[in-house]
Every structure is written in C-alpha cells, then in structure tokens.
Amino acid sequence: MEGMPARGRLLVVRLEPSHKEGGKSLPDAQTQARRPRARRQRDADRLPGPPLQVRSGAAGVKPRRARGALWGVVLAGGEGTRLARYVEGRFGVRVPKQYCVFSGTRSMLQHTLARADFLIPRERVLTVIDAGHAGIANRQLADRPVGTVLRQPRNLGTAPGMLLPLVEILARDPDANVVFLPSDHFVGDERRFMFYVAAAERLLERIDRKIVLLGMLPDEPESEYGYLQTGAELGTLAGASAWTVRRFCEKPNADRAAEYCRAGYLWNTFVVVAKAAELYRLIVSRLPKIGERFERIREHWTGEFRDFALAGEYLSMESANVSEAVFETSPERIAVMPVWGVRWSDWGSPDRLEDALRNLGPASAPLPAFTAAKASA
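Anchor point for the sequence shown: position 127 equals 133 in the numbering used here, and the numbering is continuous, going up by one each time.
No incorrect hints appear here.
In silico lysine to any residue, SDA-like type, Cα no more than 25 Å apart, as pairs: (1) K257 <-> L293; (2) K295 <-> A315; (3) K257 <-> R91; (4) K257 <-> E330; (5) K295 <-> R339; (6) K257 <-> T87; (7) K295 <-> L321; (8) K257 <-> G270; (9) K295 <-> E305; (10) K295 <-> L162; (11) K295 <-> A137; (12) K257 <-> A269; (13) K257 <-> S325; (14) K257 <-> A238; (15) K295 <-> N161.
Ranges of calculated distance between the beta carbons of each label pair, as one might list FRET restraints: (16) G141 <-> S322: 21 to 29 Å; (17) S322 <-> K257: 25 to 33 Å; (18) R262 <-> R312: 43 to 51 Å; (19) R100 <-> S229: 22 to 30 Å; (20) E360 <-> T308: 45 to 53 Å; (21) E301 <-> N327: 18 to 26 Å; (22) H306 <-> R262: 39 to 47 Å; (23) G153 <-> E230: 34 to 42 Å; (24) L363 <-> E330: 26 to 34 Å; (25) G318 <-> D361: 42 to 50 Å; (26) F311 <-> E360: 46 to 54 Å; (27) S336 <-> E211: 18 to 26 Å; (28) T111 <-> E226: 25 to 33 Å; (29) G237 <-> N144: 43 to 51 Å.
Hints are computed from structural coordinates only; laboratory data are not their basis. Glycine included, every Cβ here is placed at the ideal spot set by N, Cα and C.
Construct the complete structure from the given sequences, taking the supplied hints into account.
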C-alpha cells in the first residue's frame, strides 16, 4: 500500500489484448473455484502482470477527455460501527476506522485516495464525508484539490452516499464514467487492482450493461461478505472479462457461505465502475422517495440555495443500502469482473484486520489523526 507514485504523477493505462487470437483466456470463476486453494494461489502468482504502460504526467495537466472522463469517488461517510470498540481499545479514542493508521504511515482513507490517484487526475477524485467528521477529515484531506470534498449532512447509508457525488459529477460532466471506492478496504497489489478498474471502464463501451462490480474469488467462506453468482461472459479486454450476474447473496450464514465458495461464487467488493447517468437513474428508480429528494437537490445544486436544499432534504430522508435495495433487485442491469492475483480484504471485523496486519506489520509512524482528535474533543 505504500508503493504509490509520487504526488503529482499519474498512471496512464494503455489496455492491449494480453493473448494472441486463438490463445487461452483466463479461467472463469467456476473453474478456478474447483481447484484446490494452494493451486489457485499458484495460478494467481503465475498470472502475467497487468498490461500497463506507464507514462508520468505533470500535476494539473488538463485531462485528455473534457467530457465522458473517468471520475473517482471515495466513500468515507461511514461511522465504522463494526470496529468502533476495537478502535477505541487499540487507540484510546472513538473515531471511524477510515481515519485510522493501521499500517504504514497513512490512514485507510489516505491509502484509498492514493489508489484512486494512481489512475485518475486528483481534480476528478471526490471524497464523501459525514459533516460530523469534518474536524478529523479536513486534516487528512488538506492537500486535496478545492471542491473535491463533499460533506453529507448525515450518514444515511450507501444509496444517498452514492447519489450525492453523482449529482456533482453529472453537473460537471453529464457523460462521465465513475468508480466508487470504499475507504475501508485493504488491497495488496494496487497497480494490478487499478488495471481492472481501467479495464472495466473500457468495457462499459463494449457491453450492454453499464454498471460493473469487481468481484474477488473467495479463499475461504466469509459470512460477512456479499456474494455474486456469475452467468454468461459478456466481453473480454486485455485478459479481464465481464460476466452477467445471476443473483446477489448478501451476508449468508456460515454453511451457505461455504456452499457459495464451492460453487464458484465471487465476493462482492462493492467497487462499482459505471456510467454515472445510468447508475443515477437506476438508484432513483429503485428508491423513488429518495430519488425525489435528490431531484430537488439537483435543481439547486449550482445555485445559491444549494446548502439549504441539501440540509433540508437530508433532514427527513430515509436511509438505504444500495446493495440490498438496488443491486440485488437489478441483476439484469449489472455485470461483474473477476479480479485475479490481488490480495483484498474488507476490514470490517477485528479478526480480518488482525489477520491482515500479522502479514503487513503495524503502523510505522505516530498517529497524528488521533492526537488531533483528542485535542479537539
């Protein structure tokens, strides 16, 4: 997670077919799942590196595409309730986990922003925070470009949390593509991971489904993750393939999770790559009451009453989980792209976090976030 490009440098990705015509493609999820775990890991280790060609670009250079560009959204508005007690016991302060420095010298939020900056110009990377976290968030976001931090009046779940940045993006770039990156994920090989994001964005132009989720092949049953059952292949680019989704299965019990692993289901990472307008339309169509509120917010978004409209609509807005309320009810609108050869974990439980840290090592720097939080308490 520390091996990021220097600030102000941008990874430029050129996607090229990784196999000559007639060559063998990467195995599908069902084939991989039937292999023993040790063999699956050897297969992943032997995978060729993502076909990236890197060119350094100076900070502040205008994007080559003025419209229809790729935007990034880092979701950092959560309260971190599942890890609240663990965080307080470890650091002596209550603070959402995304602001914590668990490994290296950066918080989870800062790691995620660096991951986005790996592929996307900083002026097109938005961060969604909760207004109640502004004190600690502003310290960690002080170097972000002006206008790229969006404050929710309050956290109402992932559906409003995604609609808010979509309003901003569509106001500035109606033809935009977007990737949503949760701020509480560990990603081992970030270069390879962002290759899959780039491949998913390119495939949006080639397949009929305009919302793509990245999926991970499970290495063990995990009842706190969502699962995806894949269907038919939709398209392939540079060795990365998109598949239809037969169904979503959210947080199964232990027995069912083991069954899903044997059947070749994928973990749902909740990393979403989509046409911004298509994703917005899908969410508001599945959640009409919330959608009506965001339509009113859009009416005032570029005017002087923007903040009043935002605060007023959020005052009595209901909360909603986009996975359960939107994605699970719309599998025919969504594709999944399996990600191979990347260590990934959702750090939503103390056990998963501790397991990862045993391999990574502890934080190697003081924790200024917590010092600041205590000082401002």
